[in-house]
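Colleague: For the protein sequence lines, the chains are A and B, in the order given. Residue numbering for the first sequence is 1 to 609, as defined by full-length UniProt numbering. Residue numbering for the second sequence is 1 to 599, as defined by full-length UniProt numbering.
The hints are simulated quantities; they were obtained by calculation from the structure and are not laboratory data. It cannot be assumed that every hint is accurate.
As the list claims (entries may be wrong) - The following label-pair restraints were derived from C-beta to C-beta distances:
| # | chain 1 | residue 1 | chain 2 | residue 2 | range |
| --- | --- | --- | --- | --- | --- |
| 1 | A | A439 | B | D557 | 51 to 59 angstroms |
| 2 | A | A91 | B | R62 | 36 to 44 angstroms |
| 3 | B | P69 | A | W272 | 53 to 61 angstroms |
| 4 | A | P353 | B | G564 | 50 to 58 angstroms |
| 5 | B | L188 | A | S342 | 43 to 51 angstroms |
| 6 | B | W323 | A | A308 | 49 to 57 angstroms |
| 7 | B | L14 | A | W272 | 51 to 59 angstroms |
The beta carbon of each residue, even a glycine, is placed where N, CA and C say it ideally should be.
Here is what each chain is made of, one letter per residue.
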Amino acid sequence: MSTDTDDWRGVATDDDEDLTPAAGLRLQRRARSLVVDLVRPHRRAVSLAVLLLVLDNAVMLAGPLLVALAIDTGVPAALDGRPAPLAWTIAGYAACGLAGAGLRAAFLVLSGRVGQDLLLELRRRVFAHGQRLSLDFHESYTSGRLISRLTSDLDSLGDLLEQGLDGLLGAALSLVGISVLLVVLDAPLALIVFAGFVPLMVLTRWFQRSSRASYRRTRTTVARLIVHFVESMNGIRAVQAFRRERRSEAIMDELGTAFRDANVEAFRTVAWYVGLTRAVGNLTLATVLLVGGLRVVDGTLALGALTAFLLYLRRFYDPLDDLAQFFNAYQSAAAALEKISSVLDTPPGVAEPRRPVALPAPVRGELEFDRVRFAYRRAPDRLVLPELSLRVPAGQTVALVGATGAGKSSLAKLAARFHDPTAGTVRLDGVDLRDVADADLRDALVMITQESFLFSGSVADNIAMGRPSAGRDEVVAAAGAVGARGFVEALPDGFDTDVRKRGGRLSAGQRQLVSLARVVLADPAVVLLDEATSSLDVPSERAVQDALATVLAGRTALIIAHRLSTVLIADRVLVMADGVIVQDGPPRELVEGDGEFAALHAAWRASLA
Amino acid sequence: MSDATPPGPADGTLSALRRLLPYVRPHRVPLVGGGLAALAATLAGLAVPLVTREIVDGPIARGDLGVLPWLVLGVLGLGLAEAALITLRRALVARPSNQVESDMRADLFAHLQRLPVAFHDRWASGQLLSRATADLTTIRWFVAFSGTFLVVNAVTVVVGIGVLVWLSPWLGLVVAVTAVPLTVLTLLLERRYSVVARRAQDQQGDLATVVEESALGIRVLKSLGRGRRLTEHFVARSRGLRGTELAKLRLVAALWFVLVMLPETAVATILGLGAYGVATGSLTLGTLVAAVTVMTYLYWPIATLGWLLAEASNAATATTRYWEVRDVRPAVTDPDVAVALPEPVRGALELRGVSFRYPGAARDVLHGVDLVVRPGETMALVGATGSGKTTLTALVPRLQDVTAGAVTVDGLDVRDLALSDLRRTVATAFEDPVLISASVRENVALGAPTRPDAAPNDEDVWEALRISRADGFVAALPWGLDTRIGEQGMSLSGGQRQRLALARAVFGRPPVLVLDDPLSALDVHTEAEVEAALRQVLTGVTALVVAHRSSTVQLADRVALLSGGRITAVGVHGELMATHPEYRALLASLDVERDGVPT
């Protein structure tokens, strides 16, 4: 890769994609055990497929024999006026052809089904696991890489399953069968053939090693290419407004060239492997011909045996091409599988409890932080929360105030169990969050982040994310509660209007209303709100805040407040600085005092003048 | 949700594949060479057993040792030639096939970047991504292998049938008769296959969309605990894809059945008829043996035709999907004859009777907007949520084009200017500051030229950072301007991102700025920082700033109120607050009102 490519990417700490040999081995082992695990449930289908293939091969081998029989015995008999043997052999041949075609078709369907089932299972696992992994993982692994795991990496596995099983099994079967036949025919000549295996093995080993390296490279480069593609498409406004098209194309060119070069190298490796294998095969053939010929002349070998030997030898090396094809697909898939298995092997930072404890029903919503210490996994030395204890009684609305980096979001994320505390305990209604099943926790507690991400689908679909079982009237009511009903009904198809990519049809303010409606529908006992700021005009915001007041009534709420008006509807304000609560009390009291909050309040007022 | 048009009346695989020609043609020499090498390798491979038989029947049977080594050397030569030809063929196609893929991807990418925002809003990016990856991989394999062998095998089969006819017209007739149902059935199956193949590729694109949303929307999914549900949705769709793949498989199996069974029937018939001919003396035994041998040589080329046709069908579908996007004409293009802006640009911005309607929508979002922003003036744009403010800002740099009326800069219609001139003159910052995973320098100098001699000057980058008050935190980053930010790098706070977006807007000193509320998505603390930055950014340029709060409005010289798709009032903030009830309702500060302090 040219230095230019690295320049624009800038410098970051986690760039090291090069593998140490030990890490490479570990990756291979992990990928292999994943395969074993995936195939196990399909053992019977795989055995059946092998059986079909064996039968197919047997029938295929029988064909030429029957032709020989027809010509050698059938035709002379027919000339003698006995047509029966000829008719029987021809009928036999036709039957073999039919059976062979049927067996082959059955094998294709069966092995294809197994392959598709494996792929489906793997898709499910990676996707589900990705959803289980903590935010920590997602933030460092990044969406682009996860997307390439689930798209192009899985595609290359699909390619392997499509052509691989057939190639591998077919080649292996005829290799074994013909080896046995050769030994039976003539052991010394068979030895010559087996001597050819030595260079063959060396070649295969070389091929495996070098193609693995180039396929790893293709997987890495294609992932980069996907990241660039996805980011450019999602940021198309900025790309066009800032005339980045050309620059961005130049980058795509470089990434494309790197990907192309990695692929060309892989292609060339295969070219050499296939060619050299064939050369070894033909060299063996010539040697057998020479030695065998001399022995026939000596009288130590029957002419028929030599003929058969040569025919089978040709058949022996033919499937090796399939094998190369298989190896090719295999290497590409193996590189993909290594990357996939490393995602699957990442333990979820926030694990489901083995024995979940049920929350009291109904959930009251009392939150308690008991001597909680917390540091992000990426920076374990920097304690974001040095030691924090806090009790929020059920039904209380708490506003968190403080500068960026004061620890407000960390506190909220701990309450939402996006992370687990480094030490200490967070409890909901007296139950340690680590003991609560995820589904129960999410029913009891909802966090609304600043970004209002909309998924493709209708407005109603997006609101129903809050509670998928909700009926249309409930969705409409939830929209009404946050004052979104008016604008939604004005859309061309009302609640059924497609929001388009990332909600592109709606304005930023409207997207916020939709994400608030989700919470109303979810109806949790605890609401954690990272208050989205001023995308709304004042009247809509007033409507939202009125709605918020209604929604928060009777629920416990922890709000990261950006606006004075929000702070003022809270029962209690916590002012945070450097991970410590420096002030705690009802808003009026704090305003009238002379602490940090009073100063903040004054600044706020000034900004509104 | 796929926006792909449904497969039209079967266009035919061939006409779809023809559209690969512009990309394949430049590589015709190595590709044809590869095909010839494949043919030669096949011939050499066929010759080996023939020579071997000569040796066995001749010198060995006769015990003539003198010629044996020479003939063995001949076999060896042919064998090595075959091996060399195989290597040559693969080496020849390695570069062209990958080059076709990478050229097609580069062109697709360049084209997509030029399509208007409206297109991108409509197309799920997973569908675009699957075209740029999975579909192009299919095409690469077709160019590298299946395309060549489709031709080589077809030639082999035709030659083989010719030989059969030459050997015995009757036996040739048998093969020709079998060829009719074979061709009909194959074409029938292939047609059905191409429909299913199209469905599979579309489903793959939809799946990619779900994947993308699951990764990008992970915070929302976690917050609401909907990961499991989305997984179910994903699995249901994957199951749909599996169903389609199995349907494809059944068709391939049927194709295989036909392609194996019918030739075998032909061989059996030839055997029967041939034997009858031999018995009645109209055919020699040697001819019969030769005919059967030829048929066995044809066995593999015919049998693999099914697989090759399926591959061709996949490639045709991929090509069609590719061109579906490539054929979309960019709606926003350079004028035929570009008018040059006067130097220096004064920066007078005017909207005259501007209307805008989204394609397919029933009514205008903007209807007859008139607005004049004088050179050097900062104009705030205020309006209710969803009133079309963001839409209006997109019209100035031509991210969208007006449906009626005109936007002018220094009196010139923006549609008469070269796009690059216009966008150099008008810089835009969006509500959501999009950062790319690249260095700070790259993020600020987004559109700077790529050539090393004209690479963005660090001084200019720092200057832009200074104006937007981002120099402080950038200097504190571990690698300064080289630090990678964005999703794959250091994460920045909302205020930092917003200031970088401002730095991006002022980089290169554009005379006109269009800012979509740069103060939204900020908390009070950072708002003050960005506001100070903004004040500095706005001096000496013409600016149109979308505003939601009075603090932003106060940075402007005048304010325009957008309501019901038109500008209903223009004036100074204090004046409008006093005289315009709608304006007052929009901007009367919520906080102050609740606090009981009169405005």
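Colleague: All the hints need checking, so say for each whether the structure fits it.
Modeller: Going down the list of hints, with the structure as the test:
Here the CB-CB span from A439/A to D557/B is close to 55 angstroms, well matched to the stated 51 to 59 angstroms. Hint check: A91/A to R62/B, Cβ distance near 39 angstroms, so the stated range 36 to 44 angstroms holds. A hinted range of 53 to 61 angstroms for the beta carbons of P69/B and W272/A is inconsistent with their spacing of about 29 angstroms. The beta-carbon spacing between P353/A and G564/B, approximately 55 angstroms, falls within the hinted interval of 50 to 58 angstroms.
Between L188/B and S342/A the CB atoms are about 46 angstroms apart, so this pair conforms to the stated range of 43 to 51 angstroms. Take W323/B and A308/A: their Cβ atoms lie about 54 angstroms apart, and the range 49 to 57 angstroms holds. Between L14/B and W272/A the Cβ separation comes to about 34 angstroms, which falls outside the hinted range of 51 to 59 angstroms.
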